[in-house]
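Chains as they are written, first to last, in this note's numbering: chain P, 1 to 221; chain G, 1 to 221.
Any given hint could turn out to be false.
[Said to hold, decoys possible] Between beta-carbon pairs, the in silico distance windows are:
1) P/20 x G/17: 23 to 31 Å
2) G/218 x P/215: 24 to 32 Å
3) G/204 x P/5: 44 to 52 Å
4) P/5 x G/181: 54 to 62 Å
5) G/17 x P/120: 56 to 64 Å
6) P/157 x G/198: 53 to 61 Å
[What the hints assert, rightly or not] Now the stretches of chain P that chain G is said to cover, found in silico as 3 or more residues with beta-carbon under 8 Å:
7) 21 to 30
8) 134 to 141
9) 147 to 154
10) 205 to 217
Hints were generated in silico from the structure; no laboratory data involved.
Only a predicted model underlies this, so the values are computations on that prediction, with no experimental measurement involved.
Glycine is no exception: its CB is placed at the ideal position from the N, C-alpha and C atoms.
Residue strings, one per chain:
2 protein chains.
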Amino acid sequence: MSNDPRLIIALDVYDLAKAINIASETADICFAFKVNWPLVMNSGVGAISELSRFGRVICDFKLADIPNTNTLITDRARSAGAWGIISHSAVGEDSLRAVVKSAKSMKVFSVVYMSHPGWSDIMGDSLSRLISISRSAGVDGLIGPGNEPDVLRKIRQYEKQLPILAPGIGAQGGSPLKAIQAGADYIIVGRSIYSSDDPRRSAMALLDDISGAGPPERILE
Amino acid sequence: MSNDPRLIIALDVYDLAKAINIASETADICFAFKVNWPLVMNSGVGAISELSRFGRVICDFKLADIPNTNTLITDRARSAGAWGIISHSAVGEDSLRAVVKSAKSMKVFSVVYMSHPGWSDIMGDSLSRLISISRSAGVDGLIGPGNEPDVLRKIRQYEKQLPILAPGIGAQGGSPLKAIQAGADYIIVGRSIYSSDDPRRSAMALLDDISGAGPPERILE
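Isolated chain P, as found in the complex:
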């Protein structure tokens, strides 16, 4: 089985040993791993370095600070070996630009929509604006909701070039194939893989579901 070019596995666990275990079991069948703060809180940035031995690591840090602090966090993730980092766009283009600048060759992915109800309540119809500043800041891809195909379609309508990475698949309700059909290039799957008794088998079942979709239209390398 060769690496699937669309699957990103979210290692949203506290425990580095568990994350390493899942990564070692699935490295040959996914495109990248996503890690978030709880893991780094437990193990420091060494967690990023350790997991980088198995594949690309995307730090899902939802950066949302002033430009200077965003820079410090991005620098540290990069020097630990991260391949990509996720930043908010909602706190402003200057903050996002700071991430892109300090990321250097590391990829930057920008959150332009979130699917919990509180987001839309505050951010309202900011979608096209957030896509526009993400594009102008020079990000490498957008984070869109895998469990809301209509929103994915809207993102794709506003932005033709940048890849869309879609979390919210599986346990959070999104269908991987529907997300892809709506415009997602990469799907991010967490709980239904990391909480499984057999993460590799769960990942393979998911790959089966999307086997007809072919490679992403917009490719990250």
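Given the coordinates of chain P, work out where chain G should sit on it, guided by the hints.
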């Protein structure tokens, strides 16, 4: 010299040994310490536990994720011994509520405005709305810009009860006394203390500046 009830020292450094050094030199003259992600990236949450030996520790994590992830991060900060945590309100009331719920007796401070230009460009006139959801989510205080007295006055006009904690003092341009006069109860000072050759002396000079201001009108305990 007794603890100043208004001064929060931001230990925005990478290196835990340096942070501990500053904390040990200033513990008796400040109300609390603020730490942010770069320190935790380097040392894990052990940094929070270590610094808690010297005083109250506020985690400036600018939480901005879905409710479930915000909960995981908050839990971990609390169990490491943090006294307080800083969360965004801009990604929605449900995300903020998740922080308040998992914080338990830990204090939660909500960002309602940021002073870098990109913020207002996106968040526009959201100030009263963000204060309103912060209040209704049950936070313990608001984070407002110490370098923009007019905005502090506006926050105080919308919200009479909650304490305001104001960063942006010193190196970022804010005058501590002007921030207090505009409604800040606590001032957060970083660079001008942690980058000083003599952090204690710099902190004392700052306390001199505000010595006439008396204790905060709205008190955290």
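How the hints compare with the structure:
Judged by the Cβ atoms, the range 23 to 31 Å given for residue 20 of chain P and residue 17 of chain G holds: they are separated by roughly 28 Å. Taken as a hint, the range 24 to 32 Å is violated for the pair residue 218 of chain G and residue 215 of chain P, whose Cβ atoms sit roughly 58 Å apart. Taking 44 to 52 Å as the suggested C-beta distance range, the pair residue 204 of chain G and residue 5 of chain P does not conform, at roughly 59 Å. Distance hint for residue 5 of chain P and residue 181 of chain G: a CB-CB separation of about 59 Å, consistent with the stated range 54 to 62 Å.
Between residue 17 of chain G and residue 120 of chain P, the C-beta spacing of about 44 Å breaks the proposed range 56 to 64 Å. Taking 53 to 61 Å as the suggested C-beta distance range, the pair residue 157 of chain P and residue 198 of chain G conforms, at roughly 58 Å. Counting residues of the segment 21 to 30 of chain P whose C-beta sits closer than 8 Å to any C-beta of chain G gives 0, which falls short of three, so the coverage hint is violated. For the segment 134 to 141 of chain P, the stated coverage by chain G is not satisfied: 0 residues place a CB nearer than 8 Å to a CB of that chain, which falls below the threshold of 3.
A stretch counts as covered by a chain when three or more of its residues have a beta carbon under 8 Å from one of that chain; for the segment 147 to 154 of chain P and chain G the count is 0, and the coverage is violated. Three residues within the 8 Å Cβ limit are the bar, and the segment 205 to 217 of chain P against chain G gives 0, so the coverage statement is violated.
In this structure, the earlier hints numbered 2, 3, 5, 7, 8, 9, 10 are contradicted, and the remaining ones agree with it.
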